[in-house]
Amino acid sequence: MGGGDGSEEAASDESMLGKVRSPLSPHSLRSLPADSDLRMVVLALAIGIIAGLGAVFFRFAIWVVQEVFYGPALNPGSVEFALVPVPNAFSILSALGPVRLLLLPAVGGLIVGVIIKLTTPEVKGHGVPKVLESILVRGGEIDPKISVYKTVASSIAIGSGGSLGREGPIVQIGSAAGSFFGRYVDRSAYTRTLVAAGAAAGIAGTFNAPLAGVMFSLEILLAEYYLQNVIAIVLSAVMATAVARSLLDFTPNPGVREFLVPIQYHLVSPVVEYPLYVLLGVLVALVGAGVVKLLYRTEHVFEGFDLPPVTKPALGGALLGLSALVTAVAFGVSPLRGATWLFGVGYGTIRHSILGDFGFVLLLVLALMKAVGFSLSVGSGSSGGVFSPSLYIGAMLGGAYGAVVHALVPGTAGPGAYALVGMGGIFATSARAPLTATLIIFELTGQYTIILPLLLVCVLGNELSNRLLRGSTIYIEKLRERGITVQERRIGSLEDLTASDVMTTTVDTLPAELSVEDAIPTIRTSDHGGFPVVDSEGNLAGIVTLTDLEPFMSGRAGGETERPEAEQTVGDVCTTDVRTVTPGENLLSVVDKMESFDIGRLPVVEDGGVVGIVTRSDVLDAYDRMPSFV
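Residues 229 to 858, numbered by the working numbering, are exactly what the sequence shown covers, in order.
A couple of the hints might just be wrong.
Claimed, not checked - Keeping only pairs whose Cα atoms sit at most 30 Å apart, straight-line, the calculated DSS-like set for lysine-lysine is:
(1) Lys821 - Lys521
(2) Lys345 - Lys521
(3) Lys373 - Lys345
Everything labelled a hint here was simulated from the structure, so no lab data went into it.
With the sequences and hints as input, model every part of the structure.
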């Protein structure tokens, strides 16, 4: 995260470099097809199987946790396995009454905080930004242990009531599988494709939505539509769906038909309703942008709290419980009903909105409280996704809008139609993924008859929210805060190469203790515009350029506090605020730094020492030499 946690994350990221890939035995390579395309097919199918099994196991893990916390009283994970009466914390603490609904999410958050402390900061948050970061910065490398840590932490977070979704964790789990199999290919572009294939498989297996899984990876993670990408991603998504569907069909409540409703929504009066859906597109753009801003402002608030990091998810859980109790009191329902509305992924509540079971005021309040609750859960540093909460907010908002339309404009579709469209609209506007949103609503609900309004609202809302958020999304805002370049359309060749591929390894440096008088002849006779300055231990201390030495070279150095030229050292006059890159940083990021700070050369630094230097000409030469990846 930011603040004090940022350095911890950066350290974690750096420590992962070079640890993920391990040498392969000749036997393991011989067991795979020699043809690279066929090898990608085999690996994609393997990733799909693993991700499909992972999606089922993740649901089972959530079921175990919520049985321990709530037994049959609550189903925050909306799992398909039968809830059975077992000794559980909710029953044991019955003497506490409603206070249990503050305590249990807080306990779950505390456990998650401890897991993050003992493992890695990669576990916190909603997962997708970490996958994007691995694709953009590390060539798709993800520590395989992340999938284990993420499964445990997210299961506890969701099962204890955290207002979180299942897609973020399963994307990270599937992507870790893709990264693991990336060691069997010889190009970083192929590794990134396998990571995206794992993400697609995770989405497909979790939501029984193979088309949406494919589009999620292409639209959000890769932003590329190369045929090789599509083939691998489709195969993984199909295989994961087949595996998950086969296993979940045997559960008491098959979740592969999560949102199918017994009502067919359609356009009743297109001439009247299309303008109404345009207005809904504007509304979801405003709300979707607001949801993104609320989430990251909440996160910044938690970062500013002077509390141990392990306790912040616990505080978020307690505040979530409080929001459920306040909602229950406001509507005169039991505290358990309020928790059912606002805890966990909320699929049951979404279904009620689609069926038109809620009134206008309740729908608006639930939309607001869910936005607050999931911001508290994610912003406090817990572990879970943002996809399901966005569907929830959209369903409530769309349902409320539909209730007004149906009352004021007779002869139009019922509120449930607008709830369906609103579900897709909020996700499209917050994630800038209109096609993914459209496909997943269709696949989750089976409501193809509403596809045209859905496309209209998602695309229109996406364009408006893009302006409100200035090109940011719920997934890339955190990356931008950390200075990571995220392009709308990635340039494959630049991402395929890293700084170490193009840098000049023979670097002329100057010691910081060298006098300016002795440095001037070296710089005057050199073709370089500047020299890295290193300290006595060989670590980068700064950069000295002709501009820095010009006062001394022209005899204009002075001032009462200035030492004579012979006593001034290079370390005294060099620029110490130096922009650097790491050997593993891809060239797209390198180019962005050069453009952003208007500098023509960047030292390549590893463990504090200068291992190379990259110039604009190095980047251009490399780009000219490398054929496009198609």
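Structure-based check of all given hints:
no. : hint            : result
1   : Lys821 - Lys521 : holds (26 Å)
2   : Lys345 - Lys521 : holds (27 Å)
3   : Lys373 - Lys345 : holds (15 Å)
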